[in-house]
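Peer 1: Residue strings, one per chain:
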Amino acid sequence: MKYILMMSGTKADFEWYTKWSKQELQAHTAFMRDFSRELKDSGKFVGAEGLAFPDEARIVRAGSKGEPITDGVFPEAKEFLAGYFMIDVESPEEAYRLAARVSAAPGPKDRGTQPIEVRQVMSGPLEDFS
Amino acid sequence: MKYMMMMSFKADKESMSKSIKTWPKQDVQAHIAFMIGFNKELKASGEFVAAEGLAWPEQAKLVRAGRDGSPITDGVFPESKEFLIGFWIIDVETPERAYQLAARASAAPGPGGAPLNMPIEVRQVMSGPPEEFQ
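Heads up: the protein sequence lines correspond to chains A and B, in order.
Quick note on numbering that gives the first Met the number 0: the first sequence kicks off at 0 and runs consecutively.
Quick note on numbering that gives the first Met the number 0: the second sequence kicks off at 0 and runs consecutively.
Keep in mind that a hint or two might mislead.
As the list claims (entries may be wrong) - Far from chain A, by Cβ distances over 10 Å, these chain B residues were calculated:
| hint | residue |
| --- | --- |
| 1 | Asp11 |
| 2 | Met15 |
| 3 | Glu40 |
| 4 | Ala43 |
| 5 | Gly45 |
| 6 | Gln58 |
| 7 | Asp73 |
| 8 | Val91 |
| 9 | Thr93 |
| 10 | Tyr98 |
| 11 | Pro110 |
| 12 | Gly112 |
| 13 | Glu120 |
Said to hold, decoys possible - If you want the footprint, here are the derived chain A segments under chain B, 3+ residues with CB under 8 Å:
| hint | stretch |
| --- | --- |
| 14 | 41-54 |
| 15 | 58-64 |
| 16 | 67-79 |
| 17 | 99-111 |
If you are wondering where the hints come from, they were derived from the structure by calculation, not from laboratory data.
Since this is a predicted model, take the numbers as computed values, not measurements.
Ideal placement from N, C-alpha and C gives every residue a C-beta, glycine not left out.
For reference, chain A alone in the conformation it holds in the complex:
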């Protein structure tokens, strides 16, 4: 079963990252790298990506002729995907255990744990319908 572990935050959350000390950022990055390596070694790694900051985000819709209409204004409360891990595990419980590990990734002392959204990844297009 494939699962996605998603890290998200508002614009304010992203700005807060830029205030971490170099040491805190390095410890965080090292944790993420080691976690990826561990997933790869155990055969559970499917993919991992990090996204650009929200100020680069655009919402695109098709106009009446199919042309792109872009918009870069978002509500303050909007949560932006910051990055994800995709994993292949035996059970949802295993996905939750791994998500808890990511939740406790190191940061500034007062950071606390981070919420990680976990959802299954379907193997086909809208397989509920096929």
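Position chain B relative to chain A; hints supplied.
Peer 2: Frame of chain A, contents of chain B only:
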């Protein structure tokens, strides 16, 4: 440059009443056929990196580490929360090309075969952590 194109929706009553689950079968089939054709086209042009569809929002869990590191799961979300339902990662030369492709996805057929013109969030995918993090 790698870009992610994201489809998201809210799981409140109004949104769910219009969800694909409520569409006639032939409209669903046309929508899926469009998605399959779009992926094929991206593969043929060498712009395809990945595409995934996620389980429905009712299966979503928010997980945090408890004191001993054990997972604490929660399945209650605010009504305003947007759930990622699927995404593409594409490899293109310019952001404008990413926006063009997002507009194509936006116009995927919906009920009655009419273009959905759904919002697609587009953002660059970084190839590694920023240098200053390393």
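Peer 1: Can you name, in rising order, the numbers of the hints this structure does not satisfy?
Peer 2: Those not satisfied are hints 6, 7, 10, 13.
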